[in-house]
Amino acid sequence: MPEIEFKGQKYIVDEDGFLQEPEKWSPELAEHMAKIYEGIDKLTDEHWKVINFLRDYFKKYGIAPPIRILCKTTGFSLQKIYELFPSGPANGACKVAGLPKPTGCV
Amino acid sequence: MNRKVVRITDLSKPSDEPLVRIAQEDLMPVPHLEEEPELNPNIEKYKENYDVTLDGYLAIGVPKEVEEKALVERFLNGLRKLFSKNDNWTFLQPLALYTDYCAKCRTCVDACPIYISSGRKNIYEPPFRAEILRRLYRKYLTSSGKTFGSFVTGEVELNANLIRRLAELSYRCTICRRCAQICPMGVDNGLITHELRKLFSQELGIHPKELHDKGTVQQLKVGSSTGMNPDAFKGLVSFMEEDIKDRIGLDVKMPLDEKGVDYLVIHNAGEFLSWPENPEAFAVIFERAGVSWTLSSEQVGYDAVNYGVWYNDLQLTKLINRTFEIANKLDVKEIIIGECGHATKAYYVVAERIVPSDKKIPVKSCLQIFDEIINSGKLDLDPSRNDFPITLHDPCNMVRLSGIVEPQRRILRKCTKDFREMNPNKEMNYCCGGGSGFAIMPSYNFNEWKMKVSGRMKVKQILSAFSDVLDRDVVKYVCAPCSNCKGQIRDLIRYYDLWKKYKITYGGLAELIVNAMPDIPGFLEFEFH
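Chains as they are written, first to last, in the working numbering: chain A, 643 to 748; chain B, 2 to 530.
Hint data in this document are derived by calculation from the structure and do not stem from the laboratory.
Virtual Cβ for every residue (Gly too), placed ideally from N, Cα, C.
Hints may be right or wrong, so weigh each one.
With a straight-line cut-off of 27 Å between C-alpha atoms, the simulated DSS-like cross-links for lysine-lysine are [unchecked claim]:
(1) K714/A with K246/B
(2) K46/B with K666/A
(3) K418/B with K360/B
Counterexamples of contact, computed for chain A against chain B with all Cβ distances above 12 Å [claimed, not checked]:
(4) K649
(5) G650
(6) K652
(7) Y653
(8) D656
(9) E657
(10) D658
(11) W667
(12) S668
(13) P669
(14) E673
(15) Y679
(16) D683
(17) T686
(18) E688
(19) T716
Ranges between beta-carbon positions, derived for each pair [as the list claims (entries may be wrong)]:
(20) K5/B with F648/A: 41 to 47 Å
(21) E647/A with S293/B: 18 to 24 Å
(22) G206/B with D658/A: 18 to 24 Å
Given only the sequences and the hints, what does the whole structure look like? Please build it.
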């Protein structure tokens, strides 16, 4: 499995960059992942609104929320989510939020 | 054009380089696709750890370092089981027939969209893969092969190189069975792909993680291949009920765990997450038609997915048995499979051979039920509500395999105004390119192969179906009544930028029916997602 390095620590990720040890996620690591994977210089409040909701939903249900719930709860359109996370809700936002890669026919 | 011919014996030879490389100039030309992303399989990234020497792509990602002797022994053991009645009672008969009956006429070769799209790379020919299995079978399991050797079997050498490459090669076929449809002898090379995958999974533990660890294993443990547990599912049902209200202002219930009703409806759970409008539309249609139905909130009961059908009979059977247990407990009259092709195969076709007769409950596809409902005149439908150009994708498992051909067409004629067939269509239609699990296998560099090679023919068909309206500023809708196909078509539209270029979008069938109901506000939203 590939690894990424941040502040002297190594983090295992899958071949698409999804964190394999979710307990190691931290807001600082999210900033770093946003930089290397999404080319985002600094996460804004809008980014955090998405990330926090994804993490809360995941804690409660063990999966990422449907895109429609994400949009309704944050008030952001799908297009806006793509503007915030260029790789999209799954490959961008979920990855930065430390969620596992979505599975199944999604 | 690169027309290098690979021989079966080449697959056993050591090499650091792929036996075949896909080049852009080799690929089948697609009209109306002036620009497309450049090929970049990024082989260097993977070649250190994985065997990339088939075609430079990785679906499974078979590790390079393996203990050869044990691998060969296990493979041979699996091969023996494939041809033994005790171990393979479900599929031995067709497998044995197809192993014997190929006349090598090559009619099937030109029927394969992967072979054609790739620029006729011979390793993708349907009988190439089958011939490897045939030679191995004759060499190791028949007395003539053991006595007379390659003179009767054809050359083949079983070693780690062959096994690793053959494992990947068993994931270069979508099991669309178009080759079987056209074969004058009735040989089904798709079944041979399936048997090879089974051997690799059940005997060698070699399978894509999306199908196994994250697929059937997760589904049996948690309840769904999406990782959705019953609580998450119930939460989503509440959300969908609210969402229906937001869309059309009606209170529509999605009943849970109701006993003794007519239909247990099982959707592919991916619908709830990626396309909730589809199960929502089912609820509206059933409510309008006065149907008594229920969803199940038991683990597995809310996910029709059965990836076992693509690679592993043991997992397939566990899921089928679990589903029938739930349906029996609920005491429903029929099981209705949602818009999902491979689940239709698993429950409408394969389950018939597996479920004991005292546990059997009739299974139907939702397409048949919608057709019955609409024919009965219970729904008021106005086709002019769907006045945009619509084409229909025929999911291979529903149409070619299950013979469900006309219901979806009758439905579309009653609820849309500008329905145009793809060409070819019905039982000769082309796979979306995401069949047999490919749509949910994005790992390594496989996505590129799916977009460029296996999905190429579908892009060509879609663009051709809309060729007279491409320039018009109207939404064009690809109706794909299958979750897996829908995911692949979404990815193709995104990859080739067809929404921005041509306003081509996609969706299911149930949504179109609800959108045609004249007394409720429009149900469809044309935001590409």
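message = Of all the hints numbered above, which does this structure not satisfy? Sort the numbers upward.
response = The structure breaks hints 3, 8, 9, 10, 21; every other hint is satisfied.
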